[in-house]
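> Just so you know, the sequences run in chain order A and B.
Note that my numbering gives residue 208 to position 208 of the first sequence, counting from 1, and the numbers run on in steps of one.
Note that my numbering gives residue 433 to position 136 of the second sequence, counting from 1, and the numbers run on in steps of one.
Honestly, the hints are just simulated from the structure, not real lab data.
Please read these numbers as outputs of a predicted model, since none were measured by experiment.
For each residue, glycine too, the CB sits at the ideal point set by N, CA and C.
Careful, some of the hints might be misleading.
As the list claims (entries may be wrong) - Which stretches of chain B does chain A cover? Using the computed rule of at least three CB atoms under 8 Å from a CB of chain A, they are: (1) 425-432; (2) 455-469; (3) 484-496.
There are 2 protein chains.
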Amino acid sequence: MSQAKIIDGAAFAAGLRGRVAEGVAAFRAKTGRAPGLAVVLVGEDPASQVYVRSKGKATIEAGMVSIEHKLPPEKTQDDLLALVRELNADPAVDGILVQLPLPAQINENAVIATIDPDKDVDGFNPVNAGRLAIGLHGFVPCTPLGCLMLLKDTLGDLSGLDAVVVGRSNIVGKPMAQLLIRESCTVTVAHSRTKDLPSVVKRADIVVAAVGRPRMIKGDWLKPGATVIDVGINRVPADEPGKTRLVGDVAFDEALSVAGAITPVPKGVGPMTIAVLLRNTLVSACRREHVAVPEGL
Amino acid sequence: MSQAKIIDGAAFAAGLRGRVAEGVAAFRAKTGRAPGLAVVLVGEDPASQVYVRSKGKATIEAGMVSIEHKLPPEKTQDDLLALVRELNADPAVDGILVQLPLPAQINENAVIATIDPDKDVDGFNPVNAGRLAIGLHGFVPCTPLGCLMLLKDTLGDLSGLDAVVVGRSNIVGKPMAQLLIRESCTVTVAHSRTKDLPSVVKRADIVVAAVGRPRMIKGDWLKPGATVIDVGINRVPADEPGKTRLVGDVAFDEALSVAGAITPVPKGVGPMTIAVLLRNTLVSACRREHVAVPEGL
């Protein structure tokens, strides 16, 4: 029985981060400054603290300036909006990321809509969602853009391929579908209300799973040779009592003997998200300084 | 052989226009003013002149104020942007529509992006495309929203149905897909690069055809009982020499014996567009005056 190619997201992300670092060096040489990414954290959510720390570290490793704003959990929406407006106006800031979730007293939509769309490197502002929808330049959310990069690296031209996106979130599923339509795939968006999901998945050359349900998509649902991108990161009990481990939305072991290529969990899509965030920040800096965006990003 | 139900878009549009007129009367009673729709036409394109005239007439018939600005074809982009900004600032204007296409010296995207998203009753501004994409309140382009109304009127709850949208334009195909995802359909977007379009269409409970190719979708492509919405308006030679007639993107006569329901061309989707434009204008006026939007719109 043939075995699927394992798509090494960690290696691809490392390569992308290397290309970003080269691009940053060239940007610094041309403009005399480094691109700056501002990350705002409100409150003390432990997972958010880990993410923010990783992002800050990666930003500095890429040669960029990391600006961290940590606000106490009781901060008001007005406080946060005032900070976002300051960052919008700060010429040293090329990218602004407000770590989600926010405390209950703050309306996330209001905050996201206040971020300057041209500094919105997370791509969550409605203006960027709209630019993606109608084919204008903007910022695309990092995770789906990372998935697209892995797909193009694996398959080359995607035109005419049948793609199924399982999940319709604003952060992954919906922008992923837009990106695949832009690549001229025939795109189906499936979700919890889809009837007969196995047969919908069965017809796809490309399956992007972004539902957050551990190993939901079975090996025998897949079309032989399909390329599978697993966005799920689910913590489940491990064999050893009291321990846990991470699994994706796809039953990886089953899929291995059917798929043509598949991303593992971890070390598949996961490492792409921060790498694309750095990429988006460099792209933003280049656009803002009217410097050509380096090739290969 | 059973015969498909003909979806009478003209009758539904007339009903909607009646409900809008009632809503306008109530709005006038509450606020002391009528909703206002400003339509801007640049140049002398004959088809555009016809559209603008029809829209103005329908606006007045609904009890609203129609404000028409006709600019000569040599007007500059700056002139047009200045006019749009005036209309944005004018409290009597609830909706702004700039008739497309624009003369070559004017960048359509720049004009559309300048219209206040909260007066963008055509729903073409990227902010509204983004709001639709991420599930926020905004304005949805008139033609796909009209198609959705006909679908819900025909089928009731659409949740879980398989829908195929043929065509991926910004004005119809892409927003139509978003609307159907919002209704919990399993949605496939197909287009000119789709392989084996007949089999993609065959699996759909709902087919929305928006490709602009006369009678391209054949009767035997359809799943028996499917609901077919034909957005195409194509002028073709009529039987009588030298005459023309309008046909849709679907081979209507063939489809009649397979589909469960189908919109004719003309008098199907066509009349919905202006009716929804009036509806969007009333909704805009209600939102701007903090008046409840009437039910049944």
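> Decide, hint by hint, whether the structure agrees.
To see whether the hints hold, each was checked on the structure:
1. Coverage of the stretch 425-432 of chain B by chain A holds [criterion: at least 3 residues with CB-CB distance below 8 Å; count 8].
2. Under a criterion of three residues with beta carbons nearer than 8 Å to beta carbons of chain A, the stated coverage of the stretch 455-469 of chain B is upheld, 5 such residues being counted.
3. Counting residues of the stretch 484-496 of chain B whose CB lies closer than 8 Å to any CB of chain A gives 8, which reaches the minimum of 3, so the coverage claim holds.
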